[in-house]
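Participant: Residue-level listing of the chains:
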Amino acid sequence: MFYPVAGKMIPWFAIPAAILFAAGMYVGFFIAPTDFQQGDAYRIIFIHVPAAWMGMFLYVLMAIYAGVGWAFNARLASMMASALAVTGAMFTLVSLVTGALWGKPTWGTYWVWDARMTSTLILMFLYIGFISLQASIDDTRRADRAGAILALVGVINVPIIYFSVQWWNTLHQGATIRLIGKPTIAAPMLTAMLIMLAACWFYSVAVVLIRLRCIILEREQNAARFAEVNA
Amino acid sequence: MDWPDLSMGKYGFYVWGSYLFSLLLFVWEILSLKQRKRALKQQQQQQRSSPVSPKVFTGSANETTS
Amino acid sequence: MLRWIVWRDLTLAWRRRADILSTVFFFIIVVSLFPLGIGPETQLLRSIAPGIIWVAALLASMLSLNRLFANDHQDGTLEQLLLTPQPLFLVVLGKVLAHWIVSEVPLVLVAPLVGLQFDLETETLRILLISLLVGTPVLSLIGSVGAALTLGLRGGGVLISLLVLPLYIPALIFGSGAVEASIMGTAPAPHLSLLGAFAIVSLIFSPWATAAALRISVE
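Same order as they appear, the protein sequences are chains A, B and C. Going by my numbering, the letters in the first sequence line up with residues 1 to 231, in that order. Going by my numbering, the letters in the second sequence line up with residues 1 to 66, in that order. Going by my numbering, the letters in the third sequence line up with residues 1 to 219, in that order.
Hint data in this document are derived by calculation from the structure and do not stem from the laboratory. Note that this is a predicted model, so its numbers are computed, not measured. Backbone N, C-alpha and C define an ideal beta-carbon position, used for all residues, glycine too. This list has only true hints and no planted wrong ones.
Label-pair ranges, simulated between beta-carbon atoms:
| # | chain 1 | residue 1 | chain 2 | residue 2 | range |
| --- | --- | --- | --- | --- | --- |
| 1 | A | R141 | C | L109 | 41 to 49 Å |
| 2 | A | D139 | C | I101 | 28 to 36 Å |
| 3 | B | R48 | C | L21 | 57 to 65 Å |
| 4 | C | R46 | A | Y26 | 49 to 57 Å |
| 5 | A | F163 | C | L83 | 38 to 46 Å |
| 6 | C | V218 | B | R48 | 36 to 44 Å |
| 7 | A | R141 | C | I38 | 45 to 53 Å |
| 8 | A | F72 | B | K10 | 50 to 58 Å |
| 9 | C | A18 | B | A39 | 42 to 50 Å |
| 10 | A | H172 | B | A39 | 44 to 52 Å |
| 11 | C | F89 | A | D139 | 18 to 26 Å |
Given the sequences, and given the hints that come with them, work out the whole structure.
Facilitator: Structural data, given as structure tokens:
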């Protein structure tokens, strides 16, 4: 089935991931210049921004796989959705923490309720909801489909949530300090970010495939045991 | 190769802290997956060697964690 | 069919009116806790009142959600309802409507009284009432999806909150935003319109999602 194919694919993604991470770090730290406004603190963006993008991208991907799995009764697609969830949540967590660590030296506080950080926090909640829901349902079929509904409802709501958070943020602009956005992007900075993004993507594929194989194994084992017990 | 200012102009804690945290999470993810795989392989061996022993379901196949 | 479901649910709820009252009391207590935790300074309380009242409404709504399907599920009525030739969409809509009347409307009516605790003006109280009137259907509608998904699961109320609270956030933002605008003297209309739009979108999509979730949870 897909299991051995997935196994063969993993090194093809794991090794480039490592290389890209090294390359990205090199460009980011050795070639990109020190920023005029933020000094060297800005170098956090080379992990913060790719992580944020991956968090969002993986959520959408997860919803798509879950939806396809539900609509076409394709178990592999549903398993893929479950496999994506934790990695996506992890990247979102990285984004939140690195965002906080970037915030302290640049804006003075670890946490700022701006549109981006708040939306990322809400995305984290959405991931946690999906993971918790699947974890509390024993029947795999129900878990797959329930997850699909939750993910689809979530993905439809994400633009609404993002819009409402933007709205909320601009309303209270007067009370909060005006935030300095990303530094003006010099070419090496953009290059480093893109390389790191590619690295994160390759890493995600490798890790998700590993998890997918675990899920496949678990389901086969449970099915086998079920057959034994009921033989 | 021109080494950059490794203290990141006194922001070292934040910059290196960020990368360290991220690295720790990646490592944790990979290690916990490896462990999960190993446990599954063990169970598979046990199942093969004692085929007619109905076992209690240990853990849900819906585990998205680790 | 719709009318029958609504009537049935209302009758059943009336027999258990203690449940309804406990939701309202929870709402009142939670709102009263905040000044106790923050301090009695009127200016401060007035500025945080919209948020507090709205969050308390969210929490109280969430607690009442398990009532939506669990009882019918336990006595087998839910399965019967799934088998009727009537579209499940309508059944869900009926139950959500009944739930709204029973669990949310009392909150809406009590809210202005509670608003007095924060020294809000009459006009603001009026806007508070309207915002909750428009917003609470959203809470029931979106909540019903969560209730259907978690039917019979061990997680209980906590699991529903994990699923549903993030989805409530736009309603919270627009709803409390409207009240806050009223306090500050700006126009609450944009907030209320957005809240209304969100309510309409929920009305169209959530019964469908809830129906699908019910089928998944029950079979």
